[in-house]
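K.L.:
Chains A and B, in that order, are what the protein sequence lines are. My numbering puts the first residue of the first sequence at 99, with every later residue one more than the last. My numbering puts the first residue of the second sequence at 17, with every later residue one more than the last.
Misleading hints may appear alongside valid ones.
[What the hints assert, rightly or not] Covered, in the sense of this in silico footprint (three residues per stretch, anywhere, with C-beta under 8 Å from a C-beta of chain A), are these stretches of chain B:
hint: 1; segment: 173-183
hint: 2; segment: 251-260
hint: 3; segment: 303-316
[As the list claims (entries may be wrong)] Reference listing, derived: stretches of chain A covered by chain B, where coverage requires no fewer than 3 residues with Cβ under 8 Å from a Cβ of chain B:
hint: 4; segment: 166-173
hint: 5; segment: 357-370
hint: 6; segment: 381-391
hint: 7; segment: 394-403
I should point out that these hints are in silico values taken from the structure, not numbers from a laboratory. Don't be surprised by glycine CBs; every beta carbon is placed ideally from N, CA and C.
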Amino acid sequence: MTTLARRLGVYLLTAWVAITVNFLLPRMMPGNPVRILIGKIHGRVTPQMVRAIEEQFGVGLHQGLWSQYLHYWDQLFHLNLGVSIALSAPVSSVLKQTVPWTVGLIGASTVLSFLLGTFVGTYLGWRRGTVFDAVLPVATFFQAVPYFFFGTVLLLVFASHLRWFPELGAYNEALTPHWHWAFVASVLRYGQLPAITVIVSSVAGWIMGMRNMMVTTVAEDFVLMAVAKGLPKRKVVAYAARNAVLPSISNFSLAMGLLVSGALLVELVFNYPGVGDLLLTAVQNEDYPLLQGIFLVITFTVLSANLIADVVYMALDPRIRREA
Amino acid sequence: MASTTAAAAPQLPGTLEGQLGKSPARRRPRRRRVLALPRSGKVVLGLVILGAFVVLAIVGPYVAPYNPSSTNFTPGLHPDAAHWFGTTLLGQDVLSQVLVGARPTLVVGFVAGAIATGLSMVIGVTAGYIGGATDEGLSLASNVFLAIPGLPLLIVIDTYLPQGARSNTILIGAVIALTGWAWGARVLRALTLSLRNRDFVEASRIIGESRWRIIFVEVVPNLLAVLASSFLFTLLYSIGTYVALAYIGVTDTAQWNWGSMLYWAQANNAATGNQWWWFLPPGLCIALVGMGLALLNFGIDEFINPRLRAAGVTGRSRRKVKLSNRPRLGLTPVVEAPR
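Next comes chain A alone, as it looks inside the complex (with noise of 0.2 Å):
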């Protein structure tokens, strides 16, 4: 269990430094930005709205730097980030609107691209030299390819000039949103593209880490006294990827943090009404409410994400559970 606290404490402390730096972010930078920007809303929204802002980020205060931390804290704990200057809305509610179709997408591609990648990458280590190897350089490439410049492609391809898959947004707009079959039919439909260019884009990687793991793997003892022993080839395999996966577990957070990073981008393409089409609002708008709560709960799923992929570590790698 131990290091299972270890993460969970880093974890804890990346989301201490997120939220601080959330909180100096706007107090500390050169300019002044929120008094520029206070000053080019003004007129444009109520006063309380104004009063509002100056508050959430200590403009004009008459109040310490510690004492201002506490307030924000303590916001922090009421889930009250603010109001979104562009939306006129609490910026907790726009977020509980958004996040499902974020989570939604990003997480179930995740889950694939990772599955398919580690597949994929296991045959490849265990066959290597042969035509398969063809797919190494075809990977490199769409590594390379920013996601969003790939959806942009496929969205003309296969949805402009095939009609294969419908265009923008995440579901018929001619539904109204609701738990009944048609609807939950449309969202999968009007997901797929977008899920298929995160996939594609992101399985390269998994592919890659898991396929050069595999190749060092197969040449260990254990696995030559596997063949000796006569074990079917299915389970040689098994016990040879069980082992090569482990990097590609642990190396989980870096990946995750430039999937989510490519599959953010991927939502302006499609008009996917998730957090990444929220973030264009905000930026385009200099909403800084909204900016600092969309980067707020991105950190969070995110570290959440890492912590089930440890939990999912400790499961595979007996080594870690039994120095505890």
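Dock chain B against the given chain A, drawing on the hints supplied.
P.N.:
What follows is chain B alone, placed relative to chain A:
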């Protein structure tokens, strides 16, 4: 860099061999060892691609046929003789934008890559060599930076920057480097940790060499391959991140780079409007640069891990000598030096 020497090397011996008679047979292996890295086709292809784009970044603004911001042309033209890559819906020449946009894109990548690699070397080697509480603290810091999603953090930071600073490629590159050093630091720390207890390091410690001399003369040279690989990786990460930032409109959208081209294409629905010539050139340029970097990294990976290197030779050459394609289990395949 090493490869340019490799390419130039074959000409040199021509003159030397004549003078020295039969020595080339004996000298050959030694020369090989020094230039072991850049021989495979992958590495050469990677270097060619990267070299081409570096040249493009240098001469791009001078050879661009038109002013990239000028909106004087017929909007939405297909590629033709006057406009090789067509024109945008705003009436700008796409080719000029690609050419002018190469420089900021690559400059940000190289600045961020250099700073991040420097940071990761300082932090990783310090943590690994000094150990103790220093190690704990630095490792914790790199784990934290590894867990924070980089792009969202960069978007928040860059949005707070004043408008003028957002077109400053050096500044943007430096900010990107802040989020890109942690991975390299972790890898270098682990390597340093294993190096510090090797006999040759132990020996120089006993001789009484200073800590800094040991670090820079004994440890760091052994990290060079990993440092190079880490630099290429951060270079790729930085270019991708910069393009993403520009695409979402965080950096100055009036400054031409491959990301801001894609931003304008997206803002004008180039994909659903079937204007492929608008977004394909910048996107393919990014992909090609990335592929060049990845190919180089392959070469370095195979250099570091000989087991991977052997895999490259098997396939065809195995079939030629009628060897089975089944992996030879339990044996580290060895590449025999050509006679």
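K.L.:
All hints are to be evaluated individually against the structure, with a verdict given for each.
P.N.:
Consistency of the hints with the structure:
1. 173-183: Held - the segment 173-183 of chain B has 5 residues with a Cβ nearer than 8 Å to chain A, which meets the minimum of three.
2. 251-260: Holds, because 6 residues of the segment 251-260 of chain B bring their Cβ atoms closer than 8 Å to Cβ atoms of chain A.
3. 303-316: Holds, because 9 residues of the segment 303-316 of chain B bring their Cβ atoms closer than 8 Å to Cβ atoms of chain A.
4. 166-173: violated (count 0)
5. 357-370: holds (count 7)
6. 381-391: Holds, because 6 residues of the segment 381-391 of chain A bring their Cβ atoms closer than 8 Å to Cβ atoms of chain B.
7. 394-403: holds (count 4)
Figure legend: structure checked against the earlier numbered hints; the only hint not met is number 4.
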